[in-house]
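J.: Produce the entire structure from the sequences given, and follow the hints as far as they go.
Number of protein chains: 4
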Amino acid sequence: MKRPYFPTQPGQPQPLRVTVSRVVRFEEVDPLGIVWHGRYPGYFEDARVTLGNRFGIGYMDLYRAEVITPIKKMHIDYHRPLCFEDPFTIEGILHWSEAARINIEFILRNGAGEVTTSGYTVQMMMDKENDFLLVAPPFYREFCDRWKSGQLV
Amino acid sequence: MKRPYFPTQPGQPQPLRVTVSRVVRFEEVDPLGIVWHGRYPGYFEDARVTLGNRFGIGYMDLYRAEVITPIKKMHIDYHRPLCFEDPFTIEGILHWSEAARINIEFILRNGAGEVTTSGYTVQMMMDKENDFLLVAPPFYREFCDRWKSGQLV
Amino acid sequence: MKRPYFPTQPGQPQPLRVTVSRVVRFEEVDPLGIVWHGRYPGYFEDARVTLGNRFGIGYMDLYRAEVITPIKKMHIDYHRPLCFEDPFTIEGILHWSEAARINIEFILRNGAGEVTTSGYTVQMMMDKENDFLLVAPPFYREFCDRWKSGQLV
Amino acid sequence: MKRPYFPTQPGQPQPLRVTVSRVVRFEEVDPLGIVWHGRYPGYFEDARVTLGNRFGIGYMDLYRAEVITPIKKMHIDYHRPLCFEDPFTIEGILHWSEAARINIEFILRNGAGEVTTSGYTVQMMMDKENDFLLVAPPFYREFCDRWKSGQLV
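Residue numbers (the numbering used here), protein chains in the order written: chain A, 6 to 158; chain B, 6 to 158; chain C, 6 to 158; chain D, 6 to 158.
Mixed in with the good hints, there may be bad ones.
The list cannot tell twin chains apart, which means a pair is met if one copy fits it or any two copies do.
[To be verified] Simulated pairs of lysine to aspartate or glutamate, DMTMM-like, Cα-Cα distance not exceeding 20 Å:
#1 7 - 71
#2 7 - 91
#3 77 - 136
#4 133 - 71
#5 153 - 71
#6 153 - 91
#7 78 - 103
#8 78 - 35
#9 153 - 119
#10 78 - 119
#11 133 - 119
Calculated directly from the structure, the hints in this document are not laboratory data.
T.: Okay, here's the thing in structure tokens:
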């Protein structure tokens, strides 16, 4: 991965990070003995959900604020395979955005610490009428304020 | 399969049948090269949905009648494996029931016509308050009337 | 569950048990907001794999012994739904069998300790030529000896 | 989609196209009532497999040539949602490449002909020792010759 998916601009808050540990399940493996490429969106989601719960911006928090955040873009780079029962970690990295969107980078590492997979998703914020929001809802802006002021790790 | 899953009682209407054709998809196959046993509930559902649409008792028909029909019981017998790109059929067989329940038998056959898998599901009918219905809703009783009078094939 | 799936005969060794903890993932939930009934085979497998690893009779142990153990029968009883982010446990209970088969019972419980789902799978042992084994392979019979002599918990 | 995923260079053969028809299955839909974003890799694969079979460069053809073609990159742009029972088409578009790789673009359209989703995958060719191939195997080069000479539609 030469170029960053989301280059950090000068003066922007540092990204927020969580790491989830997992083991490859039997049903995730394909006839070639490696995790089928289409399972990785689920792995990404494990980190996205953890990130959301850690910082109070999860599905349920958004749901209560009557905001939905559909995924508009997903990108995955496959570097190394994972096999049945392999332990691995999924790091979710929330990057700062000035717009009403959620940009998350994902890095998977195997038991040896090697990057096996990387990628990102971009989510837009929409209201109940399916209109895109130009500004994030109040609870999310407060989260951003805490982030900017360095209160979040 | 020696014993019938749902023995037909004397005087009961004959079961209603549909058959769906499918080909095994790559993501359904496990590291041993055969369809993972946990994919079959989805195959059963392909026939269940077709059965519902054919006879006007599908998810959406039930939804409009404010009835949900959760699955209470599922049983699967695995006779022969299926492999990647194998063509197969799924027969869905709706058996008559006097109660407010939906009993469907499933039979999968490979390209040679051999039974590879069989099983059944039992669904109960519930209203919006999640209470079990003792009698089926009007549109379903009308469907049963047509069935009993031999108007359905 | 009134009748036991696998009644214990007098003189048989007590079943072996493991319990796995899980949280419902977003992709497992259906449009009605509950775990789709077809995800439960995967939950069962989480306990089956753990059971295998705990007692040295896992996929890989069998694979090394050139034995495969396809699932011949699966049964699921759905008692209560599970929803997104619900924590739950999966208990896998290996029942004694005199034949070359693996009989496992599964019990899922929600955070309140209520049984949400129960069921079982039956696996047969086959050799590389896909012939059914009449007797279990040596490493499995040794496992059974340790089980019978009370060395396993 | 403003920029093409794989710009066609002057003098290159025109892309090869197939179109597959599908209906959204119940298990593909998430709690928000739309197809979960992680199901689309499977939809893409339906077109990839059809493309491979149509032109004799499918999984099995590659397998016989002792070549595997793991996916190295996948990108998905989500434009519009799909819902339960929505009919849709998946167009798979194989783009010419001078390298030993397989570049496929995917376009999904709903019943009204609107583009709901687009994206691409990049596959590398590897031999049995997991070394990347610098040149495609003979049967694939012959396929490319037929493509270049305009014998394929």
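J.: Any of the earlier hints contradicted here, and which numbers?
T.: 1, 2, 5, 6, 9 and 11
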